[in-house]
Amino acid sequence: MTDPVLAVRGLCKRFGALAASRDISFDLRQGEIHALIGPNGAGKSTLIAQLAGGLKPDAGQVILNGDDVTALDTAARARRGLARTFQVSDLAGEDTVLQNAVLGALGATGRRPRLFGNALGPGALRGRAHAALERTGLGDVAAQRVADLSHGQRRLLEIAVALTLSPRVFVMDEPMAGLDGAGALRLRAMLAGLKAEAPILLVEHDMDAVFALADRISVLVEGRIIATGTVDEVRVDVDVRRAYLGDAP
Amino acid sequence: MRRETLFNTALCLGLVAFPLWAQATDQPFLITLATRAVILALAGVGLNIALGLGGLVSLGHAAFFGIGGYAMGILASHAQNYDPLIEWPLSIEGTTSMPVIWLIALAASALAALAIGALSLRTSGVYFIMITLAFGQMFYYFAISWPAYGGEDGLSIYVRNGFPGLNTLDPLTFYGLSLAMLALGLVVAWQLARSPFGLALNAARQSAMRARTVGLSPYGLRLTAFVISGTLTGLAGALFADLNRFVSPTMFSWQTSGEIVVFVILGGVARLFGPVAGAVLFVTLEHVLGGVSDYWHIYLGALLLGVVLFARGGLIGSICGPAVRHD
Ligand SMILES: Nc1ncnc2c1ncn2[C@@H]1O[C@H](COP(=O)(O)OP(=O)(O)O)[C@@H](O)[C@H]1O
Ligand SMILES: [Mg+2]
Chain R
0 MTDPVLAVRG LCKRFGALAA SRDISFDLRQ GEIHALIGPN GAGKSTLIAQ LAGGLKPDAG
60 QVILNGDDVT ALDTAARARR GLARTFQVSD LAGEDTVLQN AVLGALGATG RRPRLFGNAL
120 GPGALRGRAH AALERTGLGD VAAQRVADLS HGQRRLLEIA VALTLSPRVF VMDEPMAGLD
180 GAGALRLRAM LAGLKAEAPI LLVEHDMDAV FALADRISVL VEGRIIATGT VDEVRVDVDV
240 RRAYLGDAP
Chain E
0 MRRETLFNTA LCLGLVAFPL WAQATDQPFL ITLATRAVIL ALAGVGLNIA LGLGGLVSLG
60 HAAFFGIGGY AMGILASHAQ NYDPLIEWPL SIEGTTSMPV IWLIALAASA LAALAIGALS
120 LRTSGVYFIM ITLAFGQMFY YFAISWPAYG GEDGLSIYVR NGFPGLNTLD PLTFYGLSLA
180 MLALGLVVAW QLARSPFGLA LNAARQSAMR ARTVGLSPYG LRLTAFVISG TLTGLAGALF
240 ADLNRFVSPT MFSWQTSGEI VVFVILGGVA RLFGPVAGAV LFVTLEHVLG GVSDYWHIYL
300 GALLLGVVLF ARGGLIGSIC GPAVRHD
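Residue numbers (numbering that gives the first Met the number 0), protein chains in the order written: chain R, 0 to 248; chain E, 0 to 326.
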């Protein structure tokens, strides 16, 4: 078995009396979609923040491509190939769609941005940005300001920016949230193709999507992973049904 | 043509025509006034790089303005007294050459901006405002208590510094030099805003997390912006000292920092010509209202209040509408 692309070992995080992450260990392997499900407040976003670098764990390690990156900040982890999308879109709202995508392309170069030239002029940056926008179906709205986009378009732009990074791993926090049925289906098709490029850690509430897409599922309840397995294994896990799917025992 | 382009063109034409008209009608005082506006505009263009593009509300830009001013004052006073600047380990003379003074003013303010920025940018929001203010005040009190260069009384320079091939004592010529420096500052600001760096800095202003998520460090971007910003304001300080042939600790005062912020806000934050419009308006008000009442700052205060409450985009914003982002 190949080494996991992203792994977490013994991660713990407390907010005062609240244990948001309790001894979490899991891994994300090449080529897979590993879904992380759990009720609201289970600690999914908190876990993602610790993976991406925005939040320091109290204990435990985050390992990216075999290297311990626990001490690295968000930008350094991004440069090492971790692309993350937010549960609540976090984009440059005054800027255009294209400018946001070019920002990603700029980050992907791994160099300090140049102080001269036109960021939006024809060239590698613009080419990379446009390619990502086309893939997410945002090519037509490239010139629009993010503030004028629909909620769904913003969700797609989050993913487009992640695509510009050509990352080695995707970490997505509820990418389907707020999409209409058609939008969710389109995104589902896209993620299914995307996992060949880089594995995806997918936090998602849309259970149809999770069961259709995930190669493995981990269930997080009150900061603890209570089950990990294939879709079928998790589906039949009684504990999970009780804790999360709301079935009577 | 876009309305803002039209406005900017008219402003440029005005900046060229007004002093020529003043010359033709023999009103050298108005040329001096215009020179003042142009130099203050350059200070504002500098600040606007930090404030407009980077979202860094610096209340300490007087530090750079003053450093530029004192660079001129110190170099020229040594030259006029035939007193070497330092004698050991090698003898360095003062100078009255504008280009040399400008370069030294640029280097000194860049260094200061690097040091101040490196420390201040570890904070943000109101703490950033306070720490930049504190740095400015540090320089202010240092200048007051430094007797070698006039202390509280400041330092008078008797002859305007020279520029090869030009008669800098001619008001129109000195105006032309100042305008050329403003043009240079505007080109720098324009180029930065459209560059990849400007795009990243502007994105980091809107969301630092967004910049980090794509692997860019907001701190590095902001520090670079702060240094360029302070450097341009420092150049303005050197010109300002030459205009008045006088430097004093007032250049370092927090009122000066506040006025530079006012130019930017009056004219329009993050608009290329915002500080130019703001400084021209400020100097005009100062001249016109100052003639009416010693307390003209009250009217200025009311105007500022109006701008902040009702016209966030400043003069340019209210005339030309919200900024159009180029594609
Ligand atoms: N910065 C914080 N400070 C204190 N409590 C927090 C913070 N962030 C999250 N929490 C709490 O941690 C728990 C897990 O939150 P979160 O990770 O957002 O859950 P999920 O994404 O699974 O819905 C919640 O009870 C939440 O209120
Ligand atoms: Mg969440």
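In case anyone wonders, no lab produced these hints; they're calculated from the structure.
Fair warning: this is a prediction, and the values are worked out from it, not measured in the lab.
Among the hints, erroneous ones may be present.
To be verified - Here chain R is said to cover these stretches of chain E; the calculated rule only asks that three of the stretch's residues, wherever they fall, bring their Cβ under 8 Å from a Cβ of chain R: (1) 171-180; (2) 186-197; (3) 214-225.
Unchecked claim - Part of the chain R face toward chain E, derived, beta carbon under 10 Å: (4) D66; (5) D67; (6) A70; (7) D72; (8) T73; (9) A74; (10) R78; (11) R79; (12) Q86; (13) G92; (14) G109; (15) G116; (16) L124; (17) V160; (18) T163; (19) R167.
All C-beta atoms, glycine included, are put in the ideal place defined by N, C-alpha and C.
For each hint, the structure was consulted:
1. 171-180: With 0 residues closer than 8 Å to chain R, the segment 171-180 of chain E misses the three-residue bar; violated.
2. 186-197: holds (count 7)
3. 214-225: holds (count 6)
4. D66: violated (16 Å)
5. D67: violated (19 Å)
6. A70: violated (15 Å)
7. D72: holds (7 Å)
8. T73: It holds, given that the least Cβ distance between T73 of chain R and chain E is near 4 Å, below 10 Å.
9. A74: holds (5 Å)
10. R78: With a minimum Cβ separation of about 4 Å from chain E (threshold 10 Å), the hint on R78 of chain R holds.
11. R79: holds (9 Å)
12. Q86: violated (12 Å)
13. G92: G92 of chain R check passes; min Cβ-Cβ to chain E is 6 Å, inside 10 Å.
14. G109: holds (7 Å)
15. G116: Given a least distance of 6 Å, the restraint on G116 of chain R holds.
16. L124: The hint holds - L124 of chain R has a Cβ within 10 Å of chain E, the shortest such distance being about 7 Å.
17. V160: Holds, about 7 Å.
18. T163: holds (8 Å)
19. R167: With Cβ-Cβ at 12 Å, over 10 Å, it is violated.
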